[in-house]
Amino acid sequence: MATAFRLSTLLKLREATRDERRRALAEAFRAESMLGEALRLVGEEFAELAADYREATRPGRLNVDRLLECQRRESLLVAQRNEYARQRELLLGEIERRREALTLADREVKTLEKLRERQALAEAKRSSRRESKQLDEFALQAVARREETTWDA
149 MATAFRLSTL LKLREATRDE RRRALAEAFR AESMLGEALR LVGEEFAELA
199 ADYREATRPG RLNVDRLLEC QRRESLLVAQ RNEYARQREL LLGEIERRRE
249 ALTLADREVK TLEKLRERQA LAEAKRSSRR ESKQLDEFAL QAVARREETT
299 WDA
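For reference, each letter of the sequence shown is one residue, going 149 to 301 in this note's numbering.
Since the hints were made in silico from the structure, they are not lab data.
Beta carbons are placed, not taken as given, at the ideal position from N, Cα and C, and that holds for glycine.
Heads up, a few of these hints could be off.
Have a look at the derived ranges for each label pair, beta carbon to beta carbon [said to hold, decoys possible]:
| hint | residue 1 | residue 2 | range |
| --- | --- | --- | --- |
| 1 | A179 | R206 | 39 to 47 Å |
| 2 | E168 | T205 | 53 to 61 Å |
| 3 | L283 | T151 | 19 to 27 Å |
| 4 | K281 | F177 | 30 to 38 Å |
| 5 | L161 | E248 | 18 to 26 Å |
| 6 | Q267 | Q235 | 41 to 49 Å |
| 7 | A164 | L238 | 25 to 33 Å |
| 8 | G241 | L216 | 35 to 43 Å |
| 9 | R206 | E168 | 54 to 62 Å |
| 10 | Q235 | E168 | 51 to 59 Å |
| 11 | Q235 | A152 | 21 to 29 Å |
| 12 | L224 | L263 | 53 to 61 Å |
| 13 | E180 | L263 | 34 to 42 Å |
The whole structure should be built from the sequences, with the hints applied where relevant.
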């Protein structure tokens with residue numbers, strides 16, 4: 149009969165921890181993707197702003213109000229882009245930290261799984277030796293009975 153893995157509860161806890169680390173890393177990747185999309189949109193707004201600048205400064209009548217509005221939008225976009233870039237840098241550090249935590253949790257699970265496999269293999273060897281010993285005993289008993297019957301005859 150196979151013995152139960154004594155550390156199965158610990159293995160389940162480690163697996164749950166690993167799964168939580170995996171979810172946390174996926175969440176960080178989603179946040180990074182959202183920031184990347186926000187940066188892309190800011191880039192598009194910069195392209196629109198450049199077109200507005202060209203329109204405001206084209207030869208002919210200069211539209212000062214429109215030019216001031218473009219400068220104000222540019223200041224806001226620069227601040228927004230810088231903030232997104234700062235957040236992205238922080239998030240990349242967090243992603244790396246979460247990736248390392250997942251690697252560690254996965255290593256702990258694999259260690260316990262290897263231990264469980266070694267324990268199962270050792271139990272199988274013990275069981276095989278017991279069965280072999282029993283078969284040897286049965287064979288010896290059969291030989292002894294056969295010898296008894298030949299001596300009695």
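Against the structure, the hints come out as follows:
Our hint of 39 to 47 Å for A179 and R206 holds, since their Cβ atoms are close to 41 Å apart. Checked against the given bound of 53 to 61 Å, the beta carbons of E168 and T205, roughly 55 Å apart, stay inside it. For the hinted restraint 19 to 27 Å between L283 and T151, the CB-CB distance of approximately 22 Å keeps it satisfied. Range check, K281 to F177: about 56 Å between beta-carbon atoms, so the 30 to 38 Å window is missed.
The hinted range of 18 to 26 Å is satisfied by L161 and E248, whose Cβ atoms lie roughly 20 Å apart. Between Q267 and Q235 the C-beta distance comes to about 47 Å, which sits within the given range of 41 to 49 Å. A164 and L238 have their C-beta atoms about 28 Å apart, which keeps the hinted 25 to 33 Å range intact. Distance hint for G241 and L216: a CB-CB separation of about 38 Å, consistent with the stated range 35 to 43 Å.
Against the hinted window of 54 to 62 Å, the Cβ-Cβ separation of R206 and E168 comes to about 58 Å, which satisfies the hint. Between Q235 and E168 the CB atoms are about 24 Å apart, so this pair departs from the stated range of 51 to 59 Å. Take Q235 and A152: their Cβ atoms lie about 48 Å apart, and the range 21 to 29 Å is violated. Range check, L224 to L263: Cβ separation about 58 Å, and the 53 to 61 Å hint holds.
Our hint of 34 to 42 Å for E180 and L263 holds, since their Cβ atoms are close to 36 Å apart.
The structure does not agree with the numbered hints 4, 10 and 11 stated previously, though it agrees with the rest.
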